[in-house]
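Taken in order, these protein sequences are the chains called C and R.
Sequential numbering of the first sequence, starting at 1, is according to UniProt numbering.
Sequential numbering of the second sequence, starting at 1, is according to UniProt numbering.
Treat the hints with care, since some could be wrong.
Stated by the list, open to error - Pairs of lysine to aspartate or glutamate residues, derived as DMTMM-like cross-links and limited to a Cα-Cα distance of at most 25 Å, are as follows:
id: 1; chain 1: C; residue 1: 25; chain 2: R; residue 2: 748
id: 2; chain 1: R; residue 1: 669; chain 2: C; residue 2: 69
id: 3; chain 1: C; residue 1: 115; chain 2: C; residue 2: 146
id: 4; chain 1: C; residue 1: 25; chain 2: R; residue 2: 1030
id: 5; chain 1: C; residue 1: 16; chain 2: R; residue 2: 752
id: 6; chain 1: R; residue 1: 669; chain 2: C; residue 2: 73
Unchecked claim - Going by beta-carbon spacing under 7 Å, a handful of chain C positions derived as facing chain R:
id: 7; residue: 20
id: 8; residue: 22
id: 9; residue: 41
id: 10; residue: 90
Said to hold, decoys possible - Going by beta-carbon spacing under 10 Å, a handful of chain C positions derived as facing chain R:
id: 11; residue: 16
id: 12; residue: 40
id: 13; residue: 56
Keep in mind the hints are simulated off the structure, nothing from the lab.
Small disclaimer: the values here were computed from a predicted structure and weren't measured.
Using N, Cα and C, we set each Cβ at its ideal position, and we do this for glycine too.
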Amino acid sequence: MDASEVEFLAEKETVKIIPNFSLDKIYLIGGDLGPFNPGLPVDVPVWLALNLKQRQKCRIVPPAWMDVDKLEEMRDLERKEDTFTPVPSPYYMELTKLLLNLVMCLCSASDNIPKADEIRTLVKDIWDTRIAKLRLSADSFISQLEAHAKLDNLTLMEINTIRVFLLDSLNCLYKLRSNQHPGSSKGQFADF
Amino acid sequence: MPCERKPMRYGHSEGHTEVCFDDSGKFIVTCGNDGDVRIWEGLDDDDPKFITVGEKAYSLALKNNKLVTASSNNTVQIHTFPDGDPDGILTRFTTNATHVTFNSSGSRVAAGSSDFMVKVVEVSDSSQQKTLRGHEAPVLSVTFDPKDDFLASASCDGNVVVWNIKEQSQLISWPLLQKTNDVSNAKSLCRLAWQPGTAKFLAVPVESKVQLYERESWDHVSTLSDDLLTQLVNVVAWSPCGQFLAAGSVGGSLNVWDVSSKLCVERQKHEKGFTVCGLAWHPSGSQIAYTDTEGCLGLLDGLRTSTSNSTNTASKQAAVTKPAKDYDALFDDDDDDRVMDEGQSDTNSPVKKPIAGDDDDDDDDFLMPATGRVRSRAILDDENSLDTGSLKLGQEKFGDDGDTGSGVVPAAPLVPLRPAYEGPMPTPPQKAFQPGSTPAHLTHRFMMWNSVGIVRDYNDEQDNAIDVEFHDTAVHHAMHLTNTLGHTMADLSQEAVLLACPGTDELASKLQCLHFSSWDTNKEWMVDLPQGEDVRALCLGQGWAAVATSALMIRVFSIGGVQREIFSLPGNVVCMVAHGEQLLIVYHRAPGFDGEQALGVQLLQFGPRKSQLIHGEPLPLSHRSYLSWLGFTAEGTPCYVDSEGVVRMLNRSVGNTWTPVCNTRETCKSKSDSYWVVGIHENPQQLRCIPCKGSRYPPTLPRPAVAILPFKLPLCQTSTEKGQMEEQYCRSLLFSNHFSFLSSSGYEIDEEAQSQSQKDQQELLMKMFALSCKLEREFRCVELAELMTQKVVTLAIRYASRSRRMALAQRLSEIALEKSNQIQEAEPEEEEEDYSSVRRPSGSGQSEAAQGRHSSRRYQEEEQEEEQREEEEGREMETDEASETKKRVNPFAKEAVSPVKTNLTPITKGGRANPFKVLGSGKPSSASGQPRVTNILDNMTTSRKSFPLSGPAGKQNKNTVLKPLAPRPKTKTQSTLLQMSGTKASNKKTQQNTQLAADRQKQPEAPTPASPADNTENKRPKTGFQFWLEENRKSITADNPDLEETDVIKEAMGRFRTLSAEDRLSWTERAKTGDPADLKKRKRAEGGAEGAETEKGQAEADENSAKKKKSLDPSSKLSAFAFNKN
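Could you build the full structure based on these sequences and the hints that come with them?
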């Protein structure tokens, strides 16, 4: 699973849009959408919102958590806590990227998401903090030779970023250990 | 002359501020929440010097070029003035000081603090401190006795205390104030002031008055008050001469009293009504500087405080000069009011009244000129010149009035200073506005937000522009216009944008229409109104535009610019909206009193049938509120919102009354939030509005998002299940009124939605019925049944009989019968219309569909018998349907009797009148009605002559018409019971049987027009109960020899029901096979004779036909419901 696949999954999240066209309910495999009334907010999946936005058919209402004050609060909490704090949305990173990139490339930030740059920085801060925590816990997991660990509040994207590295390195460790006598793994690890 | 109020200017950031003059009067010095002390060389000084004293500055005092400030680091500091160099810390508290003040010589500083202490410090030697302890709450303010003996302080514990400084002891304490726990919570800052010079009086602001206490005796000697000063006095300050006292109040009023005469010589009002929290006299006594809690600084200039005589004359002069000016401003177009008002002031002015002060030294009677009135006018005028937003402020003042009456202060009684008009005061009339616009004084505002789009106005220094944006970009692309004419009003429709500007001295008021949907190249037209006539309100209908002007006229233009109509309005317009061909106008009917607005409403209909639907009736508003939105629902029902957030909608079914459908305030999280309504939809029920946090109007940026609120009628006990269902039912009825209106005015209606809403209503009725049944409210059940359609009544009967309520079932069956009679009477009408293919406007698609099916059936006529049976089944249902449609249509036909329908109404009425007749007087009337029914039905069946089966049936009916009708209700009950008895197999089977039973039941009133009496013959043998009864009658009579015939049957029914399902089925089957005599009579019975399987076959047929007809669903659903309930 790579990042683009996770992003694809994130596109299933719903977001509010204000359409500027009128359309009856549309019936899709994933569920019914609409009806679309011009000027009236309606919940649609992100993929549709992006598509409509690109065609200048709607305005996207940013999710409630995509707000500088709230994100700042979240960032501070994330920095303060040693564990992972609950994130506003399981796809916060992906959604931020998707929505803000669109705003950027359409150069119509004025009517969409205010303070897009700040939001981007804040989300990146949160992300960095969390990834740092993740690395730290992976490090202690390996160095303490634990058999299992439980991490709460991780998002799919975060798991995805660490997975390849962690699994490969654990496999590698396992191989190395199984060749060596038990007990000297500590030194082995240092070599590794 | 009265003083001149200079415009406010920004001084500090929002929050508490204080002000004082320096000794020379050259500088105004202010401190504020931003921690700066600013030194202004005058009000116009745009670059004041500033000294930063801390994070916040709470208070300041200035004397002898020493600036003492109380700052947020809990200290009282000294700075040099005007250089601003720090000169040390005078004293410290454990928390911040709240007020500092110098004594008259400038040698000492007194400071009160939130830690309950008051300290008196020598400026020269800060180690010499005297601490005054005794307050039990934060100190609000301190003031020195000019003779330096005493010190007065006010505290949040509600006491005003006079201290002896030397002895550090309390001399006297008055519990005058309201208790609070903190300075920030205190309603009033209660800044005390000691009269300079003689030091005779200590002025204490108490509530909305200022009380004067005499030195030494410490008696309350007099009270300064003003009728127009209704809010808490925050600060008081003596003029340097000691003759005048200025007070600033929470509501922004500034008053100056002449203390010797106790007359209010000057009244001013803060331009925005913010709380005045700092007040200082210029050393010369000619100016007063004041600051408000928003950080702004203002100045009153030109105060004439030399002698009291001059001020009196001045105020008299004001009396003469003011009125004309004020009236001009207020009623520039309304002469009647002026006359009336002058009359009032005339009656007031001759009245002499002594001042009822409790001291004797000024007993000179004062002939009151019209100043009071004039002033009040001035204030009203002030408020009136602002928009509705600030009108609210005025009303809050009214509200506070009541509060102060019940205040805690027992002190002086109200001293009437002058004879005033004591009746209710007229409310300033609400200004005209465009619904869906924000106030005109905003630089960025919405000129219109409606269901079509948004018109925004940007009006800053650089440019003045209008943006038009459409919700649906398919209507038109967005437009950007430069607003050179200064348009202030706009409306937007699918066809055009209408803009208007008020006239100026040179230019007449203009109306501009951007008719973008025009097919020619000229997309714009403009009209000048006659000189002196201003546009007050405008709106766009479909193909026309209307403008209300200051000349009390409505001018109607076509959308292309042709002047079409002109008529006068009885009062000043408030606002005006249009939808399709309807025009709704709200105007001032009369002056309102006590905060109420007296509005009238007119509803006009243009188009081919011009008429006035509402003739200037009063518009009901909530108490002390004004109109805040007016509009039509998307379906064309007028509705409006008042400032209390109550949404009301026109109820056309109850003689154009207004029904409250929602209170937006109830959904607000906090008191200051509100919802700004932008549109109302009846189908689906949506109240579209913009939530505004802490304001009444949304900002243009960031772009507000529309939210949807549900409607809720304010019925009683909506927390109970009953109340909820009643609310839903009433709401559903109310919100389906538009169907009949639309159809009567020739519009297409959403038939699916209509039938859906009717289905919902019936479902709700059934639920309510079940609930009442459970609660043993049988009378209520019957009431509910009256509202049901015939089909649902049969379900109700079944439900009733199932829950063993025989009496109820019997009554219901009477109702059902009446309903079926009505249907039968109305039916031919329907049929005729079907055949003549003239579609009644309110006719539903069902009848048409039925006709379609009908014709398709003809092709199948020659097919086999099985098929025919199915057809018959179908036909029955169809007619049921048709009849149901009829039934549903009737209630609406009643409200909106359109010319098209008139031919229908007499018959309908006859049908409707019947239920009461029959229920009251019994059978004869219905018996007389019966032949007619059958005749009509005969006609109907002959009109369907292609059907061979119905022929004999019709003939047969003719024979049976004359049979006695008396036992009808009973047999009806029996039949229901019997049907019920037949239904007890699997769940699916039950369903099918239910339908079957329902069909059977419908036979008496439906197409095979068997009269009920005839039906009893037909039915009994078929159902098996008869058989069983014949066999068991003896045993029953043996058990209960004294039973009447009817009781025997009842008993029998009870016993029959106790039989097992199999037994009963076998009886039924026996019945079917066993009585061949009846077979000729009825097709159905014949079908039954073919064996037990036929029933199944019928059920299948039912199922087939059910598939064809969606409209069967409600009944099956309801029947399922009825079964579930048991």
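Evaluation of the provided hints:
Simply put, residue 25 of chain C and residue 748 of chain R have alpha-carbon atoms about 21 Å apart, close enough for the 25 Å limit, and the pair holds. With a C-alpha separation of about 20 Å, the suggested pair residue 669 of chain R and residue 69 of chain C falls inside the 25 Å cut-off, and the hint holds. Taken as a hint, the residue 115 of chain C and residue 146 of chain C pair is broken in the structure, with Cα atoms around 44 Å apart against an allowance of 25 Å. Taking the CA atoms of residue 25 of chain C and residue 1030 of chain R, the gap is near 61 Å; set against the 25 Å cutoff, the hint is violated.
In summary, the hint linking residue 16 of chain C to residue 752 of chain R is not supported, as the alpha carbons are separated by about 28 Å, beyond the 25 Å threshold. With a C-alpha separation of about 23 Å, the suggested pairing of residue 669 of chain R with residue 73 of chain C holds against the 25 Å cut-off. The criterion of a C-beta within 7 Å of any C-beta in chain R is met by residue 20 of chain C, whose closest approach is roughly 4 Å, and the hint holds. Residue-level restraint check for residue 22 of chain C holds (minimum Cβ-Cβ distance to chain R is 5 Å; threshold 7 Å).
With its C-beta approaching chain R no nearer than about 6 Å, residue 41 of chain C sits inside the 7 Å limit, and its interface hint holds. Against a cut-off of 7 Å between C-beta atoms, the interface hint on residue 90 of chain C is violated, since the closest Cβ of chain R lies about 24 Å away. Checking residue 16 of chain C against chain R: minimum C-beta separation of about 7 Å stays under 10 Å; hint holds. Given hint, residue 40 of chain C at the interface with chain R, holds; its Cβ is 6 Å from that chain's nearest Cβ, closer than 10 Å.
Among the interface hints, the one on residue 56 of chain C holds; its C-beta lies about 8 Å from the nearest C-beta in chain R, closer than the 10 Å criterion.
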